[in-house]
Amino acid sequence: AAGVIQSPRHLIKEKRETATLKCYPIPRHDTVYWYQQGPGQDPQFLISFYEKMQSDKGSIPDRFSAQQFSDYHSELNMSSLELGDSALYFCASSSRAGNTIYFGEGSWLTVV
Amino acid sequence: QKEVEQDPGPLSVPEGAIVSLNCTYSNSAFQYFMWYRQYSRKGPELLMYTYSSGNKEDGRFTAQVDKSSKYISLFIRDSQPSDSATYLCAMKNSGYSTLTFGKGTMLLVSP
Chain A
7 AAGVIQSPRH LIKEKRETAT LKCYPIPRHD TVYWYQQGPG QDPQFLISFY
57 EKMQSDKGSI PDRFSAQQFS DYHSELNMSS LELGDSALYF CASSSRAGNT
107 IYFGEGSWLT VV
Chain B
51 QKEVEQDPGP LSVPEGAIVS LNCTYSNSAF QYFMWYRQYS RKGPELLMYT
101 YSSGNKEDGR FTAQVDKSSK YISLFIRDSQ PSDSATYLCA MKNSGYSTLT
151 FGKGTMLLVS P
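Taken in sequence, the protein lines are chains A and B. Adding 6 to a residue's 1-based position in the first sequence gives its number in the numbering used here. Adding 50 to a residue's 1-based position in the second sequence gives its number in the numbering used here.
No lab work stands behind these hints, which were simulated from the structure alone. Beta carbons: idealized from backbone N, C-alpha and C, even for Gly. Mixed in with the good hints there might be a few duds.
With a cut-off of at most 27 Å between alpha-carbon atoms, the simulated DSSO-like pairs for lysine-lysine come out as follows [unchecked claim]:
id : chain 1 : residue 1 : chain 2 : residue 2
1  : A       : Lys19     : A       : Lys63
2  : B       : Lys142    : A       : Lys19
3  : B       : Lys142    : A       : Lys63
4  : A       : Lys28     : B       : Lys142
5  : B       : Lys52     : A       : Lys58
Covered, in the sense of this in silico footprint (three residues per stretch, anywhere, with C-beta under 8 Å from a C-beta of chain A), are these stretches of chain B [said to hold, decoys possible]:
id : stretch
6  : 63-75
7  : 106-117
For reference, chain B alone in the conformation it holds in the complex (with noise of 0.2 Å):
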């Protein structure tokens, strides 16, 4: 089993929709959990950061982690078809530990 699972879609929206993107997880060490968008053939660009549980919203984005349930979401209010692009989670147990990632997610926004 692999240490972070990520749903690989793709998930189609229409624009305006809201969309729920979320990782679950196996290591309870995990402190740092970030969000990163990928569009294709691009490197992936940190969206949000979040240490330990609980929310954090940035614009239009939010953030969620409850490491209780070991699960981590991320919000998308009024999607725009720019935000068609993979969606990775990734986590790490400490500020010295490199990144596991999720597969990651691809979300279609249509217009």
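Chain A extracted, bound-state conformation (with noise of 0.2 Å):
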């Protein structure tokens, strides 16, 4: 069956540069949320998206946004990176009428 898939899988930047992750969620699955979860901690909420409109609102730093596209894809853009930036983000999915959430094997951000 397909999953959530995300986009990379690892990349390292460097403090104060922008960084672009991209999430493709189950098919027919119509919303979107976006985890960080930092070493030995569990997953803290970012945000998330239903129908491409932002639902719910999390810990996401200022320096964060994300978006949900009319294929129901998500980005989570990141700028003016910190050291404590570097993480696990995770994108997961469910449907709107389902209450299981499924989430993609995550991208690792390295800041240095």
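Assembling the complex is the task here: the two chains are given apart, and the hints tell you how they should meet.
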């Protein structure tokens, strides 16, 4: 079965640079979530979208922005990167009518 | 106090043991309860999903929810070394809300 696809899987950026992560949800899923997981931490909710509109907002820094496109894929844009942004970023998807949320394999961001 | 409490472990058991993993929570509005398994540097994999109180069984896994005690459990029978991973409980209060996770329990199953 198709899963949530994230790209890139790994990226290394320098401080103050910009990074963009992409997420392709499971087919027919209309809701996308972004989570950040630091080493040894549980996933922290950043932001979610339903039908291309922001539906909920968590602890997303002002330096980050995200959007969902007409084909339901989503992008997380991170600017002015800081060392503390180094983490595993997960995208997850669900259908609005469903209650199960499926995660992608994550994108490892290292800021040096 | 965190909304969802989960012992981080590690929990070490021999192969074949029955494993019990637990979470407590404080938000009585939570209605949907999930267990995820996460291998190192991988995405969380959905193992079990339960709505409201009750039990659910899937193969070697059994999930229990006791809403009156605000306590959920995951039991793993005949544990295998391949079960070694971090197990995250997660819950939400409606179909439209986001997940709140526990810290995760690291399980180590030795051959």
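Outcome of the hint check:
1. A:Lys19 to A:Lys63: holds, 25 Å
2. B:Lys142 to A:Lys19: Violated, at roughly 34 Å.
3. B:Lys142 to A:Lys63: holds, 15 Å
4. A:Lys28 to B:Lys142: holds, 25 Å
5. B:Lys52 to A:Lys58: Violated, at about 31 Å.
6. 63-75: violated (count 0)
7. 106-117: Contact hint for the stretch 106-117 of chain B vs chain A: violated, 0 residues under 8 Å.
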